[in-house]
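Chemist: Keeping their order, the protein sequence lines are chains A and B. Numbering-wise, the first sequence is residues 88 to 293 according to the working numbering. Numbering-wise, the second sequence is residues 42 to 253 according to the working numbering.
Some hints could be false.
[Unchecked claim] To list a few chain A residues with every Cβ distance to chain B over 12 Å, as calculated:
(1) Thr119
(2) Asp156
(3) Glu161
(4) Ser171
(5) His185
(6) Val197
(7) Thr206
(8) Thr235
(9) Pro252
(10) Gly261
(11) Gln273
(12) Gly279
(13) Asn280
(14) Gly284
[To be verified] The calculated DSSO-like cross-link candidates involving lysine-lysine, where the alpha carbons are at most 30 Å apart (straight line), are:
(15) B:Lys105 with A:Lys116
(16) A:Lys116 with B:Lys245
(17) B:Lys105 with A:Lys117
(18) B:Lys243 with B:Lys73
(19) A:Lys116 with B:Lys73
(20) B:Lys245 with A:Lys117
(21) B:Lys73 with A:Lys117
(22) B:Lys213 with B:Lys243
(23) B:Lys245 with A:Lys142
(24) B:Lys73 with A:Lys142
(25) B:Lys73 with A:Lys250
I should point out that these hints are in silico values taken from the structure, not numbers from a laboratory. This structure is a prediction, so every number in the text was calculated from the model and none was measured. Don't be surprised by glycine CBs; every beta carbon is placed ideally from N, CA and C.
Listed below, chain by chain, are the residues.
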Amino acid sequence: MSGIIAQNTLDNSGLVKAPVGGGAWTFIKKLTASGDANLSFVNGTSDVVLNSTYKEYLFTFNNIHPQTDNKNFELNFSDDTGSSYAVSKATTFFRPNHSENDTYTGLNYVTGYDLGNATGVQIISQGDGNENDESCSGYMVLYDPANTTFIKHFMCQINQKAKYPETVTTFVGGFCNTTSAIDAVQFTYSSGNIDLGDICLYGLTI
Amino acid sequence: MTGIIAQNVGRTSGLIKAASGGGGGGVWTLIKTLTSDGSDSDLSFVNGSSDVVLDSTYPIYVFKFINIHPETDNVQFMHNASTDAGSSYNLSKITTMFEGEHSEGGGSGTLGYITGHDIAPSTSNAKFTYNVGNDNDQCISGEMWLFNPSSSTFVKNFMAVVSNTHNGNYEKNTYTAGYYNTTSDIDAIQFTFSSDEIQGGKIKMYGLKDSA
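Throw the hints in and build the complete structure from the sequences for me.
Modeler: Next comes the structure, spelled out in structure tokens:
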């Protein structure tokens with residue numbers, strides 16, 4: 088580059104040269120909770136893009152706080168633009184934890200929280216506390232949801248201050264066992280509302 | 042935007058409108074790169090100092106560790122944070138640590154929780170990994186996510202993963218996570234080895250935008 092374009096490199100206004108290869112994350116949508124039963128990203132609704140535009144999607148969770156104490160933060164997927172959230176999934180679930188009073192630590196696979204080709208919700212943060220300073224934060228990557236040949240992989244990692252209190256990091260990986268396009272994702276608590284927090288959706292151009 | 046610039050949004054060539062907040066486009070904004078000059082006691086990012094932004098501008102910050110090399114063999118790579126713009130780094134925090142390890146010679150592949158190197162609520166530095174080697178080719182690389190450091194409501198969650206060339210010639214893939222147990226605004230973070238200097242490598246700090 089030379090001239091004015093070179094001068095604008097890293098600037099926050101004006102014109103810049105497009106990134107080589109286009110490998111850039113694009114902000115798509117932010118949903119902010121305020122006592123919501125769910126936060127749902129539906130392709131084609133409210134400016135949400137969740138289709139073949141991007142090959143990889145990133146959801147970030149920032150200070151997700153439950154209305155009710157000791158509830159599980161969960162997700163499910165849809166292949167009918169949110170008419171139903173009941174896609175079959177196979178998942179793994181493991182977590183390290185450490186109590187604030189230092190009486191226990193652990194690294195465990197949790198059999199009861201994984202799924203074996205089940206259509207129910209997948210827990211992605213277990214036993215969230217609702218004390219004022221408690222919340223969970225993390226991210227999930229969803230790969231190529233519009234693909235109609237392969238199943239759809241996803242991986243999730245979330246840390247939380249849990250109710251005991253303790254720090255717990257939840258690692259969930261798995262796939263939607265369908266070759267239909269995934270076009271919506273919904274986040275809920277096992278009961279009660281999502282009191283606070285936000286979820287952002289990004290798309291990666293490859 | 043209108044015209045040719047609008048048409049080029051998302052393209053891999055041509056011109057696009059620069060993203061607000063800097064960085065030349067995209068939602069990840071490069072805020073600051075600190076490169077070790079070979080004799081750094083620490084590498085610290087302080088909001089408002091040397092172009093560092095560590096406030097409510099971004100909801101999520103990511104630090105990339107690239108080839109961090111210690112002066113001394115068998116030391117721990119650590120972090121601490123500040124609520125007083127770097128005057129002190131001594132926040133209470135709690136962490137977990139687990140790792141996979143495997144020797145260069147092909148033996149001793151294990152996965153487990155590392156009790157001795159996590160931290161119970163303590164203001165001491167928290168380890169990313171331990172027993173880092175200082176052979177010329179040894180270093181650590183990885184990343185740390187810090188969520189909403191400016192919140193005055195919630196504790197501050199973080200998650201990190203590093204690849205460490207252990208001084209005993211092991212690969213250690215170490216995952217740590219936890220929270221700074223404070224509802225005060227975190228405005229500085231510091232990276233150090235448990236003793237002596239950081240003698241090479243760089244740390245890059247990014248902010249993740251939550252708007253277009």
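Chemist: Should the label of Gly284 (chain A) as a non-interface residue stand, given a Cβ cut-off of 12 Å to chain B?
Modeler: Violated, since 9 Å does not exceed 12 Å.
Chemist: Does the alpha-carbon distance linking Lys73 (chain B) and Lys250 (chain A) stay inside the 30 Å limit?
Modeler: The hint is violated at about 36 Å.
Chemist: Take a quick look at Asn280 (chain A) and tell me if its Cβ sits farther than 12 Å from every Cβ on chain B, holds or violated.
Modeler: holds, 17 Å
Chemist: Would His185 (chain A) pass as off the interface with chain B, using Cβ distances and a cut of 12 Å?
Modeler: The claim is violated: His185 (chain A) sits with its nearest Cβ about 5 Å from chain B, within 12 Å.
Chemist: Going straight from one Cα to the other, do Lys243 (chain B) and Lys73 (chain B) come out at no more than 30 Å?
Modeler: With Cα atoms ~10 Å apart, Lys243 (chain B) and Lys73 (chain B) stay inside 30 Å; holds.
Chemist: The output says Gly261 (chain A) does not contact chain B. Does that hold with a beta carbon cutoff of 12 Å?
Modeler: holds, 19 Å
Chemist: Say whether it holds or is violated: Pro252 (chain A) keeps its Cβ farther than 12 Å from all Cβ of chain B.
Modeler: violated, 9 Å
Chemist: Thr119 (chain A) clear of chain B by more than 12 Å, beta carbon to beta carbon?
Modeler: violated, 9 Å
Chemist: Is the straight-line distance between the alpha-carbon of Lys73 (chain B) and that of Lys117 (chain A) 30 Å or less?
Modeler: This hinted pair holds, its Cα atoms lying about 25 Å apart.
Chemist: Lys73 (chain B) and Lys142 (chain A) were given as a pair; does the straight-line alpha-carbon distance stay at or below 30 Å?
Modeler: holds, 29 Å
Chemist: Taking 12 Å as the cut and beta carbons as the points, is Gly279 (chain A) off the interface with chain B?
Modeler: holds, 18 Å
Chemist: Are all C-beta atoms of chain B more than 12 Å from that of Val197 (chain A)?
Modeler: holds, 14 Å
In the structure shown, a violation is registered for the earlier hints numbered 1, 5, 9, 14, 25, in ascending order.
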